[in-house]
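Protein sequences, first through last, are from chains A and B. This note's numbering puts the first residue of the first sequence at 1, with every later residue one more than the last. This note's numbering puts the first residue of the second sequence at 1, with every later residue one more than the last.
Don't take each hint at face value.
Unchecked claim - Only some residues are given here: those of chain A computed to face chain B with a beta carbon under 8 angstroms:
id	residue
1	A27
2	S102
3	S109
4	L121
5	D176
6	E191
To be verified - With a Cα cut of at most 30 angstroms, we get these calculated DSS-like pairs of lysine-lysine:
id	chain 1	residue 1	chain 2	residue 2
7	B	K160	A	K192
8	B	K44	A	K192
9	A	K33	A	K167
As the list claims (entries may be wrong) - Just the calculated beta-carbon pair ranges, DEER-fashion:
id	chain 1	residue 1	chain 2	residue 2	range
10	A	L171	B	G21	50 to 60 angstroms
11	B	T262	A	R66	55 to 65 angstroms
12	A	M1	B	R69	52 to 62 angstroms
13	B	A2	A	K192	27 to 37 angstroms
14	A	F48	B	G330	31 to 41 angstroms
15	B	T331	A	F48	29 to 39 angstroms
16	B	K163	A	P164	13 to 23 angstroms
17	B	A416	A	P54	22 to 32 angstroms
18	A	R62	B	P175	13 to 23 angstroms
Hints in this document: simulated from the structure, not taken from any laboratory. Glycine included, every Cβ here is placed at the ideal spot set by N, Cα and C.
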Amino acid sequence: MEPFQHLDAVAAPMAAPNVDTDQIIPARFLWRKRHEGWGHLLFHDLRFADDGAPKPEFVLNRSAYREARILVADANFGCGSSREAAVWSLYDYGFRAVIAVSFGDIFFSNSFQNGLLPIVLPAERVAALRSELEQRPGAHIVVDLAAETVRGPDGTVDRLTVDPFRKELLLAGTDDISFTLQHRDAIAAFEKAYEADVPWI
Amino acid sequence: MATTLLDKIWAAHAILVRPDGATLLSIDRHLVHDGSSNAFRALKERGLGVRRPDRTFATPDHYVPTLRRDLTASEPHRRGMIEDLDAHAAASNVTLFGLSDRRQGIVHVVGPEQGLSQPGMIIVCGDSHTATHGAVGALAFGIGASEVAHVLATQTLWQKKPKNMRITVDGMLAPGVHAKDVILAIIATISAAGATGHAIEYAGSTIRALSIEGRLTICNMSIEAGARAGMVAPDETTFAYLKGRPYAPEGADWDRAVAHWTSLTSDADAQFDREVRLDAAEIAPMVTWGTSPETAAPITARIPDPASAADAGRRDMMQRALAYMDLKPGTPLADIAIDRVFVGSCTNSRIEDLRAAARVANGRRTVIPAMIVPGSGLVKAQAEAEGLDVIFKRAGFEWREAGCSMCVGMNGDLVAAGERCASTSNRNFVGRQGKGARTHLLSPAMAVAAAVTGKLTDVRQLLRS
């Protein structure tokens, strides 16, 4: 996993609540392999018409937002299916952070596993950021994970809350497996005691 | 200190707890399916093997054909996913209920059916409907591919403990009202994000009176209310369900297990971060009209008017949903014509679901294409032993082989663009059953009522006549 870098990038607004992972990546693409790349499939059916032409009204098809690396969504972003390809699609397109009122719990976990930072801010701040981005297409948001701040286009700074554990791994670019394998002995000792307690498992 | 069921299971599985609360949990059961190939590949690329093949069980479900049990007619990419699972399971010594095995089926049907899912366990699977297994008193939750690889490699997961939420449903369900209606009513009440960040414990006399099948249906849709996990404390119904199942404990172990399981309840004075109460008597047969499960309403209701929405965001969402669904505000739900019916999925494909469906189908005829897809080979065999397949076939239903099928269409069982499907599955998202497909979620009894009338229908009217 790549370490999470200081992020000063174009942000795109997406106002709809309950954007489920079926919208982010339709199920018919899920047989693909991780390394084949998923960015071109992101939001596929929202982004492209039946003939494959980009839908001009979709936010990422508007030239000012095409280089966006931060998405400002609404409530319950990434709800639904556990498909990690939703995160892969966002990441491969270039997104490194999503700001929302709330996230689907599994999407939230999956994001950290891939270096995509999910940021929860209060509803009124998320709405204000979206409105600024709509008024000034192409405006930047700055995410400083180390300092735990988000700076909006108008200079307003919000605190971002992140679990210290997740922050540590993101900044180091360490994934969970490498970290956990350092605790092999603790796992083995736990399993031995546990299986003595509940031998029928 | 008084603790909840979640607290107890959590504490019993905590290997390491960091000062910030991040906990390394030991995993009792890991269920894998034919969507797991990226996780197995990630493991292999790192030179790692499966740490606990004895705690890992596999069955193909998402990509399996339901017309027949062989893959000769399957498209290469679908066949590849199933063959991949076979190969990974064989190479890792993981028990596989493969396509030719009668025990094959939807992973969330197979786990409880085999007695793999037991009270007090932590059960994970790379599928958001893993909460299903919480019905037997387990902490069960869905994970993504990276976490699947992590569990394969270490049999553990780093998690932050969710908050405790209790949903209490008390009272008797009216005839024609089923577990599916209860969970749809719950989601309509608390919204699709109402339980985000929480594990739900379902409690109350209504839940207690439900069979394990009914509880599985309720827990299954916890994720549609935002909760990664949903659970019901184990009781005599749970023990009776598990006794004698292939992977359930036996003999002295059984007695020890039951003694332990009996202790797995929330203390009477345990505090929940959030409490919600519903009155069972007020729940009617439910259907959804929109593109989120939270748009569930009683079949006797009309489609709401976006103009009455609380705010602009909600109004906009309702308008988009109605446009996609091609529906008009004010239309009675019972006037909506249906093109196709699907009875199946990890929500509603167990024997009790098929019995409820057969009761309505018996002696009637479908007027639109309709299919019944049992949740496992064993559910199918049981239904056939009871003659339910004959009732369905006589009524004009297609009787298929076990799999996820038209819930998500990954095996090619798709709803065509513009078609309207009454479906016993769990998601009515845009494009869920196929690009441009329109989904109305409902119970198996209500689905059959739609199949025999060609429109959304209050099944209570058919039960009366």
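Hint by hint, here is what the structure shows:
Proximity of A/A27 to chain B holds as hinted, the smallest CB-CB distance being about 5 angstroms (cut-off 8 angstroms). The criterion of a C-beta within 8 angstroms of any C-beta in chain B is met by A/S102, whose closest approach is roughly 5 angstroms, and the hint holds. Checking A/S109 against chain B by beta carbon gives a least distance of about 7 angstroms; that is within 8 angstroms, so the hint holds. Violation of the interface hint for A/L121 is found here, the shortest Cβ-Cβ separation to chain B being roughly 15 angstroms, above the 8 angstroms cut-off.
Annotation: interface hint on A/D176 holds; nearest CB of chain B at approximately 5 angstroms, less than 8 angstroms. Interface restraint check for A/E191: the shortest CB-CB distance to chain B comes to about 7 angstroms, inside 8 angstroms, so the restraint holds. Of the pairs offered as hints, the one joining B/K160 and A/K192 holds, with about 24 angstroms between alpha carbons and a cut-off of 30 angstroms not exceeded. The suggested pairing of B/K44 with A/K192 holds, with an alpha-carbon distance near 26 angstroms, which does not exceed 30 angstroms.
With a C-alpha separation of about 28 angstroms, the suggested pairing of A/K33 with A/K167 holds against the 30 angstroms cut-off. Taking 50 to 60 angstroms as the suggested C-beta distance range, the pair A/L171 and B/G21 does not conform, at roughly 19 angstroms. Distance hint check for B/T262 and A/R66: the Cβ-Cβ separation is about 60 angstroms, which falls inside the suggested range of 55 to 65 angstroms. A beta carbon spacing of about 40 angstroms between A/M1 and B/R69 contradicts the range 52 to 62 angstroms that was offered as a hint.
Between B/A2 and A/K192 the Cβ separation comes to about 30 angstroms, which falls inside the hinted range of 27 to 37 angstroms. Separation of A/F48 from B/G330 is about 34 angstroms and conforms to the stated range, judged on CB atoms against 31 to 41 angstroms. Our hint of 29 to 39 angstroms for B/T331 and A/F48 holds, since their Cβ atoms are close to 31 angstroms apart. Separation of B/K163 from A/P164 is about 19 angstroms and conforms to the stated range, judged on CB atoms against 13 to 23 angstroms.
Between B/A416 and A/P54 the beta carbon distance is about 25 angstroms. The supplied range of 22 to 32 angstroms therefore holds. Our hint of 13 to 23 angstroms for A/R62 and B/P175 is violated, since their Cβ atoms are close to 54 angstroms apart.
Comparing the model with each earlier hint shows violations of hints 4, 10, 12, 18; every other hint is respected.
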